[in-house]
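Trainee: Heads up: the protein sequence lines correspond to chains P and E, in order. Numbering-wise (the numbering used here), the first sequence opens with residue 1 and increments by one. Numbering-wise (the numbering used here), the second sequence opens with residue 327 and increments by one.
In case anyone wonders, no lab produced these hints; they're calculated from the structure. Every residue gets a Cβ at the ideal spot worked out from N, C-alpha and C, and that includes glycine. Heads up, some of the hints might be wrong.
[As the list claims (entries may be wrong)] Label-pair ranges, simulated between beta-carbon atoms:
| no. | chain 1 | residue 1 | chain 2 | residue 2 | range |
| --- | --- | --- | --- | --- | --- |
| 1 | P | GLY283 | E | THR632 | 34 to 44 Å |
| 2 | E | ARG635 | P | ASP27 | 39 to 49 Å |
| 3 | P | GLU250 | E | LEU496 | 49 to 59 Å |
[What the hints assert, rightly or not] Stretch by stretch, here's where chain E covers chain P in the computed footprint (C-beta under 8 Å, at least three residues):
| no. | region |
| --- | --- |
| 4 | 49-61 |
| 5 | 98-110 |
Spelled out, the chains give:
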Amino acid sequence: MRVAENLNAALHAVLAADPGAHLLGEDIADPYGGAFKITRGLSERYPDRVLTTPISEAGITGVACGLALCGDTAVVEMMFGDFVALAFDPLVNLAAKSVSMYGARRPVRLVVRCPSGGGRGYGPTHSQSLMKHFLGVPGLSVYELSPFHDCLGVFEEMLALGEPCLFVEDKVTYTRPMFPDVAPFRLDYDGGVARVFLDERPDCVIIAPGGMAHRALEAMRSLLVEEEISSMLMVPSRLYPVAVEAAAVERTGAEVVFVAEESTGGGTWGAEVAHRLHAGLWGRLRRPVTLIHALDSVIPTAAHLEREVLPAASTIHRQVLEALRE
Amino acid sequence: MPSACAETVPAAGLLSRLPDDELELLLLIRHFELQLLDLYGRGELNGTTHTCLGQEYIPVAVSGLLRDGDFVLSNHRGHGHYLARYRDPHGLLAEIMGREGAICAGVGGSQHIRREGYLSTGIQGESLPVATGIALHLKRTRPGALACVYIGDGSWGEGAVYEALNLASLWRLPLLVVVENNGIAQSTPTSRQLAGTIAGRAAAFGLGHLGIGSLDVIGIRTALAPALDLVRRGEPLVAEFAAHRLGPHSKGDDTRSAPEIEHARAHDWYRRYADQHPRQFAQFDAAQREHVRAVVAEVSARPPSTWTRS
Numbered sequence: 001m002r003v004a005e006n007l008n009a010a011l012h013a014v015l016a017a018d019p020g021a022h023l024l025g026e027d028i029a030d031p032y033g034g035a036f037k038i039t040r041g042l043s044e045r046y047p048d049r050v051l052t053t054p055i056s057e058a059g060i061t062g063v064a065c066g067l068a069l070c071g072d073t074a075v076v077e078m079m080f081g082d083f084v085a086l087a088f089d090p091l092v093n094l095a096a097k098s099v100s101m102y103g104a105r106r107p108v109r110l111v112v113r114c115p116s117g118g119g120r121g122y123g124p125t126h127s128q129s130l131m132k133h134f135l136g137v138p139g140l141s142v143y144e145l146s147p148f149h150d151c152l153g154v155f156e157e158m159l160a161l162g163e164p165c166l167f168v169e170d171k172v173t174y175t176r177p178m179f180p181d182v183a184p185f186r187l188d189y190d191g192g193v194a195r196v197f198l199d200e201r202p203d204c205v206i207i208a209p210g211g212m213a214h215r216a217l218e219a220m221r222s223l224l225v226e227e228e229i230s231s232m233l234m235v236p237s238r239l240y241p242v243a244v245e246a247a248a249v250e251r252t253g254a255e256v257v258f259v260a261e262e263s264t265g266g267g268t269w270g271a272e273v274a275h276r277l278h279a280g281l282w283g284r285l286r287r288p289v290t291l292i293h294a295l296d297s298v299i300p301t302a303a304h305l306e307r308e309v310l311p312a313a314s315t316i317h318r319q320v321l322e323a324l325r326e
Numbered sequence: 327m328p329s330a331c332a333e334t335v336p337a338a339g340l341l342s343r344l345p346d347d348e349l350e351l352l353l354l355i356r357h358f359e360l361q362l363l364d365l366y367g368r369g370e371l372n373g374t375t376h377t378c379l380g381q382e383y384i385p386v387a388v389s390g391l392l393r394d395g396d397f398v399l400s401n402h403r404g405h406g407h408y409l410a411r412y413r414d415p416h417g418l419l420a421e422i423m424g425r426e427g428a429i430c431a432g433v434g435g436s437q438h439i440r441r442e443g444y445l446s447t448g449i450q451g452e453s454l455p456v457a458t459g460i461a462l463h464l465k466r467t468r469p470g471a472l473a474c475v476y477i478g479d480g481s482w483g484e485g486a487v488y489e490a491l492n493l494a495s496l497w498r499l500p501l502l503v504v505v506e507n508n509g510i511a512q513s514t515p516t517s518r519q520l521a522g523t524i525a526g527r528a529a530a531f532g533l534g535h536l537g538i539g540s541l542d543v544i545g546i547r548t549a550l551a552p553a554l555d556l557v558r559r560g561e562p563l564v565a566e567f568a569a570h571r572l573g574p575h576s577k578g579d580d581t582r583s584a585p586e587i588e589h590a591r592a593h594d595w596y597r598r599y600a601d602q603h604p605r606q607f608a609q610f611d612a613a614q615r616e617h618v619r620a621v622v623a624e625v626s627a628r629p630p631s632t633w634t635r636s
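Construct all of the structure, not just a fragment, from the sequences and the given hints.
Mentor: Structure (structure tokens):
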């Protein structure tokens, strides 16, 4: 099953299980089914609760907040995650704050889905990974779509939190398989974090959200075959609050850690992860956590320019090699 | 400041005699706001506040037409909206002062209040899409109920307002937008911040619009009632009141000229009602002043509010 099908099935299940669940977004109705076809079949089955909307990201996020404040479950699709900038106010200033600013904790079950990331030539305003702007907002959690985490389970977790969540979906994962073959490594879970590893102490740990997982895995394979470097990949579903514990990294025995993500450099999720690891593993790491991310740059349209800016498997391979050879 | 509001219910000098409890409510709000300014003047309150002096009759008129299952959304100038719905000066003052018994534990303060069927927030234009979502919920779960959202003339500068009006009209939602057009957005006259008219903007979305110049609670209700029946059946309405803000935007920040302030005062329901119904007014005005003073004394003596974060 592809990731897009798994996500579509999760949305079907959320709407089927909860008669108060709504899905709102632009062009999400059948037969179109959304710009990335994630909502296919939903409006036909739930015509009163799957609402295709005008181009009004702030408005529909506010509407979703209104539904959630009444106790309903609301899921909003941003056609492109870049557009969530238009919904920053209702999300940050009302939805997230409503959880606590009225004195008592009140559930706000709201998920804003953000198809994100580049690699498809959509250019500077349709290729970004904007999650860094939503870190550290009281009452707001950030998750990322992952091929190692069943989407329904992730949705159930987000909705059970009772606070708004940003769900980052790297567009390039949509067409990739769920639970891909990780040979020669094997897969297990430590808490909610997927781990891909060999049965030996790894030379390094690579922490990456779902959208980077296949690139990290490709780098791990080439590092193993070409350089005999053994690495472990850790893929958390929840990005913020940071789900990767220092103790979990320490248990691996690795002394070198990388965080790989597609965000542009500066003020990144990786910096937040690194800070937590430095605080917990100070003196036990051989070197500071290495941050791997896109350049501090707009994301260009032309394929050759886009490749210069975005981190690829080869970027991870090179950075790991350089750090371990130091 | 004359308003650009197109009045389908024109201003008239005469105010109908109100039932005693309705007059009490008007006077409760008036004296509550006056006491707040007094408390601020004496340094007893933290932060800022926005009083609705001169606009009290609007929520009193509107609330008389609302039902228990309706939802009210308020804004930064919301004390009148809250008191007209709940007649709870103790809870509101405790919220503003951060005292025990506060509606929201003192976290929200003057501008961020939530009770069953009531929500306020301090960012302009933000509430209209939320009200639209609540109206969508009500349409599905409680047919016949409506969401009533109070906004000012200044809020019409926000784009989210138009996104919401479009959705409410498109989806035929039970949404009542009450516009308190007091002719001035903080310090900016409406003539310098709003092109065209609010009526024209409502018309652009295919929404009903009612312009209300009257200060007469009974007359306003008579005009509004049939329109609200339509709202409850999914015809959203913009009810625009030509209001008069007597006080400053918040406290001590009134830059209007003396004639402008005198114009507002000349449209004060309080003065007119006192002139036209002197015996009833005298009977309740002093009593409400004393009542609010007693509320202030009682709430001020309470211990600080406590907030349980999780």
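Trainee: Now look at each hint and say whether the structure bears it out.
Mentor: Hint check:
1. Restraint check, GLY283(P) to THR632(E): a C-beta distance of roughly 41 Å satisfies the suggested window 34 to 44 Å.
2. The beta-carbon spacing between ARG635(E) and ASP27(P), approximately 40 Å, falls within the hinted interval of 39 to 49 Å.
3. Look at GLU250(P) against LEU496(E): about 55 Å separates their beta carbons, and that is inside 49 to 59 Å.
4. Residue count for the region 49-61 of chain P with a Cβ under 8 Å from a Cβ of chain E: 8. That meets the three needed, and the coverage hint holds.
5. Coverage of the region 98-110 of chain P by chain E holds in this model, with 8 residues showing a Cβ closer than 8 Å to a Cβ of that chain against a need of three.
Taken one by one, the earlier hints all hold for this structure without exception.
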